[in-house]
Each structure stands twice: as C-alpha cells, then as structure tokens.
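Asker: Letter by letter, the chains look like this.
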Amino acid sequence: GAGVSQTPSNKVTEKGKYVELRCDPISGHTALYWYRQSLGQGPEFLIYFQGTGAADDSGLPNDRFFAVRPEGSVSTLKIQRTERGDSAVYLCASSLLPRHTDTQYFGPGTRLTVL
Amino acid sequence: AQSVAQPEDQVNVAEGNPLTVKCTYSVSGNPYLFWYVQYPNRGLQFLLKYITGDNLVKGSYGFEAEFNKSQTSFHLKKPSALVSDSALYFCAVRDGDNFNKFYFGSGTKLNVKP
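Each protein sequence line maps, in turn, to chains W and C.
Take the first sequence: its letters are residues 1 to 115, numbered as in the working numbering.
Take the second sequence: its letters are residues 116 to 229, numbered as in the working numbering.
No lab work stands behind these hints: they were computed from the structure.
Worth double-checking, as some hints may not be accurate.
Examples of chain C residues toward chain W, derived with CB under 10 Å [what the hints assert, rightly or not]:
1. Q121
2. F161
3. I166
4. F178
5. F182
6. F205
7. N215
We treat Cβ as the ideally placed atom computed from N, Cα and C, and that holds for glycine.
Construct the entire structure; sequences and hints are all you get.
Answerer: Printed below as a string of structure tokens:
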C-alpha cells in the first residue's frame, strides 16, 4: 500500500519568507509526527498529532513554527519568517495508534534550504 | 533525560563478514527500542523493534538486534554483510513514561566493501 508522502521534496526559499510543508500519512493512521533532521544528525522531534489535535508540541523550536491537521489526515507544517538555521530535512511519520508498541513509518522528507 | 548514543560515526566491514552497529540508551521508564535505515535521499525505513520478551529480535533483510538491559544496549547485527547494506543506520528509543516521541541517535554510516 501507499506509504507516507511529503511534498514538496525540495524547497528553496529566501530568508524571511513563509513556507508550508505537507504530509500525507498512511491511510487509517491516527497518529502523525513531525521531525527535523539537520546534516549529520538524527531526527529531532517537533510535534505529534493524535487525530486533529496537537497532543505534544514541545519540540517546536519557537513560535515561528506551527502545524495543523484539520481533518485528522493530511498535516501541514508552517514556518514563518524563515531563517538560515531552519535549513534541514523535515520528516513526517505516522503510526496506526499512538501506542508505545506502534512503529512509526516515515516519509521521504522535504529538504528545506533557506538562502 | 532520555537519550540515545551511537558511539561510532562509521563502521567498515568486508562483504560476507558479520557486522555490528552499536547503540546505548538512557530512559526513565521502560525502553522501547527501534532500528531504522536511511538510504541517500530516502526516508527512514523500519528494520526491527524491541518491545518486550525475547532479548534477540529479528527484523528485515536478515538484521537482528540484542537487547541488554544491564548494559542498556541494543546493538544491531547481521551474520553476513552485503554491499547493499551500505547506508546510514539510526537507533531510536521511546520512553515508556512518555511514548509520544522517539529519541534518535546521531546515526552510524555502514560501509560494506566488496
């Protein structure tokens, strides 16, 4: 079946601009996660959705970052006033349920470059 | 604090030889441990996980991992490496007290030479 998809695969923007990154989880998965992966590092947790609500947004670095999941399926990560330090690969993952036993399945990521 | 350590940035092995990629962890609750593999320009692919039960876990592509509670380790192993196993490997832990998020190691690059 279809896996997690993310669009765009690459995004180049200028400092100060606004960007939106989209994630389409595996059908039927209720839990959705966003991570950020900087060069040479492992992914770092940003935010987790259970259904439509953000159940844990403790990883968002500041208030320029925001994410929504209005219908409990597709999610959008929004970054305002982008900075060069925001350049990274943004990964989305989904799992059937938010149980500790459930595997998270990752999308291919969106590579964001802020010039 | 929860954390994962992968002490080797890179592991080099010859094709056909056994391989080990090391991982140690620190959590406050029960650990739930995962291994993922990442190929260039691809997302993370799930390999295997330890939840409970047998300390030796078998996963995809002939990989296995051994959970050792006393050493807080979860090393990834394969009896006979293939060139196609060359990739970036990530260990991740989920804390049983707060299982919303994974904590990832920094990754180990596996190079399998023909």
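Asker: All hints, please: hold or fail.
Answerer: Outcome of the hint check:
A least Cβ separation of about 8 Å between C:Q121 and chain W falls short of the 10 Å threshold, and the interface hint therefore holds. The beta carbon of C:F161 is positioned within 10 Å of a beta carbon in chain W (closest approach about 5 Å), and the interface hint is therefore held. At its closest, the beta carbon of C:I166 sits 5 Å from a beta carbon of chain W; the interface hint therefore holds under the 10 Å criterion. Below 10 Å, beta-carbon pairs count as interface contacts, and C:F178 has none with chain W, the closest being about 15 Å; its hint is therefore violated.
Checking C:F182 against chain W: minimum C-beta separation of about 14 Å lies over 10 Å; hint violated. Contact between C:F205 and chain W, as hinted, is supported at the beta carbon level, the nearest pair being about 5 Å apart and thus within 10 Å. Hint status for C:N215 relative to chain W: holds, with the closest Cβ pair at about 4 Å, below 10 Å.
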